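One letter stands for each residue in the lines below.
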Amino acid sequence: MAEILALSDAVARLVRDGDTVALEGFTHLIPHAAGQEIIRQRRRDLTLVRMTPDIVYDQLIGAGCARKLVFSWGGNPGVGSLHRFRDAVQNSWPVPLEIEEHSHAGMANRYVAGASGLPFAVLRGYTGTDLPEHTDTIKQITCPFTGERLAAVPALNPDVAIIHAQRADRAGNVQLWGLVGVQKEAVLAARRSLVTVEEIVDELTPVPGGMVLPGWAVTAVAEVPRGAHPSYAQGYYERDNEYYEYWDSIGRERDSFEQWLDEKVFSVAETAGGSAVKEAAK
Amino acid sequence: MAEILALSDAVARLVRDGDTVALEGFTHLIPHAAGQEIIRQRRRDLTLVRMTPDIVYDQLIGAGCARKLVFSWGGNPGVGSLHRFRDAVQNSWPVPLEIEEHSHAGMANRYVAGASGLPFAVLRGYTGTDLPEHTDTIKQITCPFTGERLAAVPALNPDVAIIHAQRADRAGNVQLWGLVGVQKEAVLAARRSLVTVEEIVDELTPVPGGMVLPGWAVTAVAEVPRGAHPSYAQGYYERDNEYYEYWDSIGRERDSFEQWLDEKVFSVAETAGGSAVKEAAK
Amino acid sequence: MTTGTKAPTRTEPAFTADEMMSIAAARALSAGQRCFVGIGLPSTAANLARRTHAPDLVLIYESGTLGSKPGRLPASIGDGILAETADAVISVPEVFNYWLQPGRIDVGFLGAAQLDKFANINTTVIGSDYTRPKVRLPGAGGAPEIAASCREVYVVVRQSRRSFVERVDFVTSFGHGRGKGDREQLGLRGAGPTLVITDLGVLRPDPDTAELVLTQVHPGVEVEQVRAATGWDLQVSPELTRTLAPTETELQALRELKAAK
Amino acid sequence: MTTGTKAPTRTEPAFTADEMMSIAAARALSAGQRCFVGIGLPSTAANLARRTHAPDLVLIYESGTLGSKPGRLPASIGDGILAETADAVISVPEVFNYWLQPGRIDVGFLGAAQLDKFANINTTVIGSDYTRPKVRLPGAGGAPEIAASCREVYVVVRQSRRSFVERVDFVTSFGHGRGKGDREQLGLRGAGPTLVITDLGVLRPDPDTAELVLTQVHPGVEVEQVRAATGWDLQVSPELTRTLAPTETELQALRELKAAK
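The listed protein sequences correspond, in order, to chains S, L, Z and G. Residue 282, in my numbering, is where the first sequence stops; the numbers in between run on with no holes. Residue 282, in my numbering, is where the second sequence stops; the numbers in between run on with no holes. Residue 261, in my numbering, is where the third sequence stops; the numbers in between run on with no holes. Residue 261, in my numbering, is where the fourth sequence stops; the numbers in between run on with no holes.
This is chain S alone, in the form it adopts within the complex (with noise of 0.2 Å):
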């Protein structure tokens, strides 16, 4: 059964300098509160995965927490660059970022072989492109039926996998609905796992489109209420859009990242995820 603990002691317990962590979301339910506590603790050398490191990851990397990127599209969606993720790759800034850089389909396949127990997955994938030459996580495997060529790519396995989701029972059953992304692959493959949601509640009813984590897969659940601001929790509030603009003004140079990093992560209490997500938000 999922422990349900308070988003600090989460991240403080599941969370450890060096871990491979995964935040997932793809564009909706994204674990913003989860980030910005990883943050606020300090925490150093992580290898970040994540399919879109969007803002989520903007902010971590520009904090230094990360000294590997593994990932398939670094953008601000809609908006243009992660100003952060491209100074710490052009300039070292804060730190020096090594990236692994694979396409949606390949991550997308780590994940479901990292969930699936098996050490790789195959796929039609890279084909021609210059990513095998750069990225050594991308092999060739033969067919031993047809002898047709495809692509393999290995298991993702992280230390600790956060997701939000709208809602945990009492027993740390979780579900989620709207686009569920690869949060349920990225949580079955990780060695740890820690959940945000918008409430818990007494009784999961049945949503259409919804999907459940029985609470003995999850390692631990956080009431976060707008954790995934300025992304959106379906059912409960709409992406921030404004906030995705706003933020480019914020990553652009260092100073402003860093004043935003004092003001609006530093200087909040450790203790509540939800509010300090709320003081944070412009």
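Mixed in with the good hints, there may be bad ones.
[Said to hold, decoys possible] In silico DSS-like pairs for lysine-lysine, Cα to Cα no more than 27 Å straight-line: (1) S:68 x S:139; (2) G:180 x S:68; (3) L:139 x L:264; (4) L:139 x Z:258; (5) Z:134 x L:68; (6) Z:258 x Z:69; (7) S:139 x G:180; (8) S:139 x L:139; (9) L:139 x L:68.
For the record, the hints were derived by calculation from the structure and aren't laboratory data. The structure displayed is predicted, hence computed values, not measured ones.
Given chain S's structure and the hints, the job is docking chains L, Z and G onto it.
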């Protein structure tokens, strides 16, 4: 967009002698009416594919429609043996039946590979068992990253897949819920597909746990109320457990089976699958 | 002893050998365990455990249900009640790939048509010629991978010379192969069959050889009777114990479970 | 010509080059097609097509929606409106494995940061050193497999010497490689980029060489202007045509689409 057809027309157009045909439905939503329509149309030399060739395939095998069976568990669930299946394997009656035998995990992954456009799937399976000795569609493969040896099975890509679902709309979008087994994979793996449904409705209202197969991924839809009987359709009718017991008495002897075929399949109008099944039920 | 025969009792309530088997199997399950359940005897035992000492036992059926809580015995592994009472309903590929294969399940609960002295299981064919079998059995189903990937496997099976053989005609599900170390050599991750519960007693693999030895006899059953129902020279543990007779509570729960429709 | 500039017109309504590009891209889509849509220009064009001549166009977004029918432009590929209006919402692995990879999608609609004369696409890095790029771009996303597996690929991109280069710095998504036959040799199943729509005109691969040639110029655009905005010696089709100016209906639909929140 899927064409909406009468069951007899759909089977006439989609199922041809010599085809590889998969009727799927894992205990729930078994397309019995479609199976009996194939018998009624006297199809021959079929390669029948199905994880659990229960009553539906006992009937097709006993009627001499099949030359080969690809499967993982051939019993009458909760009752005992499939006597027509045993008679075919043990005594080649009414015609010899070649078998290709897998485990559930292997069959499920073969459908997944088929649905994914991959030539094979990888799993931790069959290790130490006698199955690979007798089934040449089980091979080994080496992980290009770890060197670990795993099982590989070739994709299943039937000529036709047939499933039963609760509902479709007039554009042929199909909705099913409850235990969904491997039905989506079977349809997506097949070259052609037929979905029999309890009813065709104007609009598919969302249902918790429901899944929708877009009409453009389905070849034909036929309205066949009670088309899963004696299996069940969640939300429509329950499993007829007595019929499964009753089948044991019919299928046990060749005479009683042939009498059943004459009375309950061949003497029934070929046009209305739904009423045919109602007639065929004891 | 046949199924219907009453086992001798003193002050204990009267019970059948099959009831003793189901109750012994249920007792083997602990609270909070995740249990992959085959239909028939395993399902009865697992549901009984959930109704008695292990209410939070997590039942997983290969039809795609996680955490089913049926109020009656399911008639098949795809009984609607399993989906209706589950924490989550998932596809069949997902059951095998995401839940069974990675080793998330504590106990795999299997039946058997034939079982040999190294707990290898046959549910495929009786007879030595696969292509011309004496009896064609249903086949593998989920069992090979359940036996491979669960942390432990419990087998529930009625004991007789026909079912308990020196060597199975066909290895459908790998137990301990030809002895200790075979599983490790093949890279199998789970411990394999650690417990065999029959209508006569309980067998466990010897820690040194992996051969099944009799560790427990049910009330009223003599060791010679068990040896007579075993197709190999059955060894008996020096620490042989006798199964506690079913309690009133256990028997009542079992009978209610079997009576409920 | 910059984005905001009005293209010269006669009796046609006034429109911008970007509007012409979106409308030309929308026109390329046919009724009933299944279209895998990237965000930005492709999404605008696909949604415009659905609002004008192809109401039953099936939009598929990599975030996991099949058949989305958004009433406004989605702000990102994961905009909630895409899920709320979809025929089916599925997981991200399923989008790529069950729907894209097997070749079920007719048209993949991609953007590009750099495009070369064989329609190879770069969205990864500007500069020749991958480890020390001049500009780090977002990366691949779904594009490499969209470009590989869709039956055809349409690229929508603003044309300039910076974006239209002789050879891309990095092949993120494979177009026609170094020429005709390269796709077949690699076993790629889809036809690759068959159409490139820009703010100046339309380019198509030459049937013999697979080199992109100018086949169409937008109203008011001269060939020399297109050649000047191309980083290689752009060939012009002998059958060059001029794009029909946007109709009132098209322009109104596009503007309504962009205005809707």
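For each hint, the structure was consulted:
1. Restraint check for residue 68 of chain S and residue 139 of chain S: the C-alpha separation of about 20 Å stays at or below 27 Å, so the hint holds.
2. Among the hinted pairs, residue 180 of chain G with residue 68 of chain S is inconsistent with the structure: their alpha-carbon atoms are about 39 Å apart, more than 27 Å.
3. Taken as a hint, the residue 139 of chain L and residue 264 of chain L pair is broken in the structure, with Cα atoms around 43 Å apart against an allowance of 27 Å.
4. Annotation: proposed proximity of residue 139 of chain L to residue 258 of chain Z is violated, straight-line Cα distance about 43 Å (limit 27 Å).
5. In summary, the hint linking residue 134 of chain Z to residue 68 of chain L is supported, as the alpha carbons are separated by about 20 Å, within the 27 Å threshold.
6. Restraint check: the Cα-Cα separation between residue 258 of chain Z and residue 69 of chain Z comes to about 15 Å, which is no more than 27 Å; the hinted pair holds.
7. Only pairs whose Cα atoms come within 27 Å are accepted, and residue 139 of chain S paired with residue 180 of chain G is accepted, the gap being roughly 26 Å.
8. Using a Cα cut-off of 27 Å, the hinted pair residue 139 of chain S and residue 139 of chain L holds, with the two alpha carbons roughly 20 Å apart.
9. About 20 Å separates the Cα atoms of residue 139 of chain L and residue 68 of chain L, which keeps this hinted pair within 27 Å; it holds.
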